[in-house]
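Chemist: Sequence:
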Amino acid sequence: MTEKATNYSRRTVVRTVGTMAATVGLAGCIGGTGTNGGGTKDPDESYVEDEPDYGGWFEGANNYNGTVDRREQDEVTVQVGAGSRGMAFAPASVMVSSGTTIVWEWTGRGSSHNVAARGGTFKSEFTGSEGHTFEYTLENSGIYKYVCEPHESSGMKGAVVVDESE
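All residue numbers for the sequence shown refer to UniProt numbering, where the first residue is 1 and numbers rise by one.
The hints are simulated quantities; they were obtained by calculation from the structure and are not laboratory data.
Just to be clear, a hint being listed does not mean it is correct.
Capping the alpha-carbon separation at 30 Å, the derived lysine-lysine pairs in BS3-like fashion look like this [unchecked claim]: (1) LYS41 with LYS145; (2) LYS123 with LYS145; (3) LYS41 with LYS123.
Label pairs and their computed distance ranges (CB to CB) [to be verified]: (4) GLY128 with SER153: 27 to 35 Å; (5) GLU45 with THR133: 30 to 38 Å; (6) PRO150 with GLU49: 22 to 30 Å; (7) SER111 with SER46: 26 to 34 Å; (8) GLU125 with GLU164: 24 to 32 Å.
Quick reminder that beta carbons are idealized off the backbone N, C-alpha and C, glycines included.
Construct the complete structure from the given sequences, taking the supplied hints into account.
Modeler: Pasting the structure below:
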């Protein structure tokens, strides 16, 4: 039995390794968490009983697993750059009372992010600095949908629901 020696050129090896690295990197960028966010409910959180109608907003969104009820708080913190890849808001959806201040706090994961409301109600600067905060007080009832602009197509979406019924 004879062995056949295979000679690979340096160029072939570099090209093969580069292709493999690009494939792995791309797979990490496009991996989703399910059509409705795919998250599981945190047993330590309280969720609203009647989910608001988001009109498909959370299709393909990261970390959405229901609307967290924070109507009893004057200030609510939402993490920016949450999740294993840093491409989510946590919680993705929160219900608050009128006059509540929302504080978005950057985790430092997932590159630079911003928070931009659909319709232009609020918009933060781009940053990747851990501990950076942006805050906005919501007075009027309604659903405020927002995204991280460069990562919207990756599923980085959120919503704040202001409920005046309390």
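Chemist: None of the hints should be skipped; say for each whether it holds.
Modeler: Taking the hints in turn, this is what the structure says about them:
1. LYS41 with LYS145: holds, 20 Å
2. LYS123 with LYS145: At roughly 12 Å apart (the allowed maximum being 30 Å), LYS145 and LYS123 satisfy the hint.
3. LYS41 with LYS123: Distance ~28 Å between LYS41 and LYS123 Cα, so the pair holds.
4. GLY128 with SER153: 27 to 35 Å: 18 Å Cβ-Cβ, so the 27 to 35 Å window is violated.
5. GLU45 with THR133: 30 to 38 Å: violated, 21 Å
6. PRO150 with GLU49: 22 to 30 Å: For GLU49 against PRO150, whose Cβ atoms are near 35 Å apart, the range 22 to 30 Å is violated.
7. SER111 with SER46: 26 to 34 Å: Because 32 Å falls inside the window, the suggested range holds.
8. GLU125 with GLU164: 24 to 32 Å: holds, 30 Å
Going through the hint list in order, the structure does not satisfy hints 4, 5, 6.
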